[in-house]
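Go ahead and model the full structure; you've got the sequences and the hints to work with.
For the protein sequence lines, the chains are A and B, in the order given. Those letters in the first sequence? Residues 0 to 374, by numbering that gives the first Met the number 0. Those letters in the second sequence? Residues 0 to 290, by numbering that gives the first Met the number 0.
Some hints here could point you the wrong way.
To be verified - Computed cross-link-like contacts, SDA-like style, restricted to lysine to any residue with a CA-CA straight-line distance of at most 20 Å:
1. A:Lys-45 with B:Phe-167
2. B:Lys-132 with A:Pro-165
3. A:Lys-45 with B:Leu-184
4. A:Lys-77 with A:Asn-121
5. A:Lys-81 with B:Pro-63
6. A:Lys-81 with B:Gly-102
7. A:Lys-77 with B:Gly-273
8. A:Lys-45 with B:Ser-185
9. B:Lys-271 with A:Arg-186
10. A:Lys-331 with A:Asp-341
11. B:Lys-144 with A:Arg-186
12. A:Lys-45 with B:His-174
13. A:Lys-258 with A:Val-332
14. B:Lys-271 with A:Thr-114
15. B:Lys-164 with A:Thr-39
16. A:Lys-45 with B:Gln-187
17. A:Lys-81 with B:Thr-66
18. B:Lys-271 with A:Met-115
19. B:Lys-164 with A:Val-42
20. A:Lys-329 with A:Pro-351
21. B:Lys-132 with A:Arg-184
22. B:Lys-181 with A:Ser-50
Since the hints were made in silico from the structure, they are not lab data. Predicted model only: the values in this text are computed from it and were never measured.
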Amino acid sequence: MPERNNWQLGRDMTYPYDAPLPQKQVAYVFDINKCIDCQTCSVACKNAWTSGKGEEYVFWNNVETKPYGGYPIGWDLKLMEKAELAKWKGGKLESKTIFEDRSPLESPLGHMPNTMDYSAPNLGEDELSQAVGQGEHFNGLHPMWMFYLARICNHCTLPACVAACPRQAVYKRDEDGIVLIDQERCRGYQECVKACPYKKAFYNLISRTSEKCIGCYPRVEQGEVALCVEACIGKIRLHGFLSTQEEPRADNPLDYLVKIKKVALPLYPQFGTSPNVYYIPPVHVPNAFLEQMFGPSVLQAKAMYQSLKDDKQMLGAMMLFGANIRIVDKFKVEGDEVIGWDAKGTEVARVPFTEPTYVREHYDAKHKVYRHNTT
Amino acid sequence: MKMNQCKPCQASLAFLLTFSAGAAVADITVTKVEGALPTDPMAAEWQQTPAEKVIVMPQTMTKPSLTTPSVNEVMAQALTDGKSIVWRVSWQDAEADLNVDVGRFPDAVAIEFPLAENALPMMGGVTRESSGKVQIIYWKGLWQKDIDEGFQGVRDVHPNAFSSKYWFAEGETPHTVPESFKNPLSHQWFIAKQAGNPGAVFTRSQPAQELVAKGWGTITPQPESATTAKGVWKDGKWTVVFSRPLTTDDPNDYQFKAGEKGQIAFAVWQGKNGNRGALKHWSNWTAYQMP
Ligand code: SF4
Ligand code: SF4
Ligand code: SF4
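Structure, rendered in C-alpha cells:
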C-alpha cells in the first residue's frame, strides 16, 4: 500500500490510495472558546442542503456539548474503544491509525452507528463534566467544565470515506480538496458511513444513497465561504485554503494560524485521516482531555491563545473570522486595522482592532423616536 | 483518485484464474415447455423442473471481504419456451430482510452471464483493463417490497417519525413518497434522483435491474432492461424468478442460443448479516445446457 506523509502525525503512514495532494486544500479554523451553541450553523446547513424526505436526521453541521455529547451518540468513543490508545512521542504518533495494521481485505477501522444513535441530535447538551456541589458556585472558579464542539466534514487529506468505498463513488476534488459522494454512482453500501471516523457521511433511506457535507462547493467556486461559516453568530469560524503546492504563506490566514503558528489543531489526528477543520482548544478545559482530542500541541496552542493580546499579527488574523462572506486569501495588519483580500486581490475585509465608540442622541430627529438601548 | 494495483489483488487474481479453470461444477438443464412460461416463483410447473444445487462461497478476494458466510448453496432451475427463458433461484433464509436504514440491508440475489470469452465469474475479473465483460441481473428484496406494498419510506422503517415540513411538498404529514412530492421543486432535495441514480426511483416497474461489469467496482446499471422478476419468501426460503427474451438487440445483454452449453454464475446477499456490495456469497461459472 502507498505511503503518504501525514504532517499532523509527524510521520508517513499507509493509505490505500496513491493520490497526489489537491491544488489547494479547503480548511477551516473554529475557535471553540467563542461558540455559544446557538445552532445557527446547523440550521443554515439543514435549510439549504438537507431538508428533504429521508434527511430528517442528517446534520452535516452539528454542535455537541463535550464531554458527554456527540452526534451520532458516542461517534468518537466507539472508535476509540476499538482503536489503540493514541501514543505520541515528541510530536510523532507512535500508535496505529485506522488505516494501519489492516489486512488488504479489510476496510479502515470503523463502526456502523446504530439507528438509535441518531435519535437525539443534542444529547448531553450543556451537561457539565461533573455535578456542581451545594454552594460550590459561590466559590469562585470551579473545576467543572464543558464546551461546545461544532462539527462538519473535515474534507480530510486522507479521507476514510474515499478509502472505504468499493466503487470509488467518493472522491476528493483536485481543485480544492473538497470530498464528495457521486450521487449518481453511489449504490448505498454505507461503507463510508462505517469508515468515517467523524460520522459525517449519512445514509438517506429515500434516495438510498449515502450523503455528506458538500463543503458548500457551489459557493466556494464563487469565492464565498460556506453557509455554516457565514451564518455563525459567534463569528468563531474562518474558511479558506491551506497551501499544498508551496510552502505555507504567512499572509494566508489559514496557513498562518494552522501551519505557521499552530494555534489551531486537528480533531483526533490519531485516526490518521488528516482532517482539515482546525480547532482552537478551549482554554478552561483540562489538558488530559484536550490532548486526547487534539493531540500533543494543546498546551502550546492554549498558551499562545492566552497571550493573544500581545501578538498583533495573530490577533489580526483572528479578527477576520466572520468579517465577510468572501473567502480571504491574503491578509495584512496595517496600523490599527487588519485588511483582507480575496483571491482576485479585491479588498473584502477591513476590521479595526478597537471598534470606535459612537455616541448617539437620545432623540432621533429623523425618525422622530426616542432611542433605547435596544434600537 | 485512482486505485493502485496492490499485490494482494494480483495474488487473488492468480487464485481466481486457477479456481475458474475448474469451472462447470454442475450442469443445469434448461427444460423446454409447451405453452406459457411460469413467471410466478410458486407456480406448480417448477415442481416438475429439474433443480441443480450450486455451491456459493463467501467473497474473500477483495475488500471488504465477507468473514461470516450465512448461506452455502442455491438451487437453480430454468425453463424456456423457445422465445424467452426463466431462471428460478432459491436459497434458505430464516427471515426475509427487505427494508433499508443506517446499517440495515435487504436480501438480494443476482445471476450473471459472460459477454466475453475471458470473463471471470466474479464481476468478469479484477481490473477494468484485464477483465472480460459480464451481464448481471440483480433482484433486491427492497424493490420487491416497493412493488408489493408501495415505495418504502421513512414511516415504514420508523413508524413514529414526525416531520411537519418538506419544502414544496403537498398534503399532510407524513408526506409519502411519491404522492406528496409531485411539485418538481420539491425534488431539489432528492439529489440522487436528480442525478439520475438508477437506485433512487420512486415508482419502479420491476424489482430487478440489468447491469454490466468489467472488473471489481465497475458495476453499471443499464438504461434499458428486458428482464421481469419476482421474489417470494415463504417458510424460511427465498425463491426468485428472472424472465427475459432469449435474444435482444442490446449488445449488453447475453444472447441465448438453442442447443448451446452456456455458463451462469450466482451471487446471494443476506441482509440480516449486513451483506451488500462486495460482502456477498458468489458461485463459480456453472454450466447449463440449452435445449
Ligand atoms: S470527515 Fe469523514 S466524510 Fe469527511 S472527508 Fe473525512 S472521512 Fe470523509
Ligand atoms: S460546509 Fe456547507 S454543506 Fe458543509 S456543513 Fe457547512 S453549510 Fe453544510
Ligand atoms: S453558529 Fe457559530 S456560535 Fe452558533 S453554534 Fe454554530 S459554531 Fe457555535
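Hinted pair Lys-258 (chain A) and Val-332 (chain A), Cα distance within 20 Å: Since the Cα atoms of Lys-258 (chain A) and Val-332 (chain A) sit roughly 19 Å apart, the hinted pair holds (cutoff 20 Å).
Hint check: Lys-77 (chain A) vs Gly-273 (chain B), CA-CA at most 20 Å. Holds or violated? Within the cut-off at roughly 19 Å; holds.
Would you check the hint for Lys-45 (chain A) and Leu-184 (chain B), treating anything up to 20 Å between C-alpha atoms as holding? 17 Å, holds
Would the pair Lys-164 (chain B) and Thr-39 (chain A) pass a check requiring their Cα atoms to be no farther apart than 20 Å? With Cα atoms ~19 Å apart, Lys-164 (chain B) and Thr-39 (chain A) stay inside 20 Å; holds.
Just to be careful, I want the Cα atoms of Lys-144 (chain B) and Arg-186 (chain A) compared with a cutoff of 20 Å; is the pair within it? Between Lys-144 (chain B) and Arg-186 (chain A) the Cα gap is close to 18 Å, so the pair holds against 20 Å.
Checking one constraint from the list: CA of Lys-331 (chain A) to CA of Asp-341 (chain A), max 20 Å. Satisfied? 12 Å, holds
Distance restraint between Lys-181 (chain B) and Ser-50 (chain A), which requires alpha-carbon spacing of 20 Å or less: With a Cα-Cα distance of about 16 Å, the restraint between Lys-181 (chain B) and Ser-50 (chain A) holds, given a limit of 20 Å.
Pair hint outcome, Lys-271 (chain B) versus Thr-114 (chain A) [Cα-Cα no greater than 20 Å]: 15 Å, holds
Do the alpha carbons of Lys-132 (chain B) and Pro-165 (chain A) lie within 20 Å of each other, as the hint requires? Judged against 20 Å, a Cα distance of about 18 Å means the pair holds.
Could you grab the alpha-carbon distance between Lys-81 (chain A) and Thr-66 (chain B) and see if it respects the 20 Å cut-off? 18 Å, holds
Hint consistency between Lys-45 (chain A) and Phe-167 (chain B) [alpha-carbon to alpha-carbon, up to 20 Å]: Holds - the C-alpha atoms of Phe-167 (chain B) and Lys-45 (chain A) are around 15 Å apart, at most 20 Å.
Between Lys-45 (chain A) and Gln-187 (chain B), does the CA-CA distance stay at or below 20 Å? Answer holds: Lys-45 (chain A) to Gln-187 (chain B) is near 13 Å, not above 20 Å.
The structure meets every hint from the earlier list without exception.
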